[in-house]
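**Q** Sequence:
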Amino acid sequence: MKPQVNTRVKVLIVDNFIWFINAGLYILFIILNPRGFLTIHNVEFILYVSSMLGFLVLGEALAMITGGMDLSLAQNAGLSAMVGGFILGVMAPNLPGWLGVIIVLIAGTAFGAVNGLLVGKLKYNPFLATLGTFIVFDWATFWIRRGAIVNLPASFLAPGSGTIGGVHIAIFLFLFMALLLHLMLRYTQFGVSVYAVGDNPKAAMMMGINVGKVLFGVFTLGGLLAGFSGLIYLGYIGAVTSLIAQNKIFEAFAGAVLGGVSLRGGRGSIMGALGGVILLGILDAGLTMLNVSPEIRGVLTGFVLLVAVMINMAISRLRDRILMPH
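Quick note: the sequence shown, position 235, residue 235 per our numbering, numbers continuous.
Hints are supplied without guarantee of correctness; some may be wrong.
[What the hints assert, rightly or not] Straight-line distance between alpha carbons at most 35 Å, and here's what the computed DSBU-like set of lysine-lysine pairs gives:
no., residue 1, residue 2
1, Lys-10, Lys-202
2, Lys-213, Lys-121
3, Lys-121, Lys-10
4, Lys-202, Lys-213
5, Lys-123, Lys-213
Think of the hints as simulated: they come from the structure by calculation, not from any bench.
With the hints as extra help, turn the sequences into a complete structure.
**A** Take a look at the structure:
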């Protein structure tokens, strides 16, 4: 095998290492619980659970590739769902459910645009800017409504609860969005700019890339993804509550990091992030079927995040070593 081809194969394996981990973890749970885990229904359940968190992981991955992060994604999902639910369930209950879906997505995008303005235009540090909006979005959700909003139209809940051919609509939405983002990052000028900004923003600026515009686009797109997440969660619950997607930002961060998105920016892929969120889905489904308590699952999630960071750093060093000229 030629050296260049050999290097490409090694990089391909390293970049997609998460899928080997997924396969190994899935086989482990099959051995521990063959009757419950080795079924088509369970595969569909894993993908369904993954889709709820998945939109947040995709949004976090985009922000991290630019060299930043978005701490407000989960709170954005909760606030967007609350805005749509409050309008349909309290203010204007006669509105059609599909209009509520649009309202949630517009709200999520608008809240994401706030982050985009702070980071891309006003040059705020992404961590501090989104920490601030995290707090604002969180309190705004509780301010609108502390209790649950029920009796919502079925069409409003459909993205998160509806099925097509026995498969949840949420799965189709998530996989379709992941494919679109993958194609965008890989084959468009905007995608090239996203990686360039994450790798070296000063060099990107010298190349003629409008760094502020790219960051505004990424954080606004993250807001749209948060809106989708809010829709899936409220459909899954069957109501709007002030606790939708609470504390999910840590899992979203873990999913992106597990998928190989670099903590330093400029590196990562949507397919890797997809693998990261599916790993968390497999872990959640497997522990649930083994009757592991929620408290223990929470501890394990924190442990997984720590391991994810270590694996990410190790893979990054290994990739650099492979690409280093001999």
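**Q** Any hints from earlier that this structure breaks? Give me their numbers in increasing order, please.
**A** Hint check: 3 fails alone, others pass.
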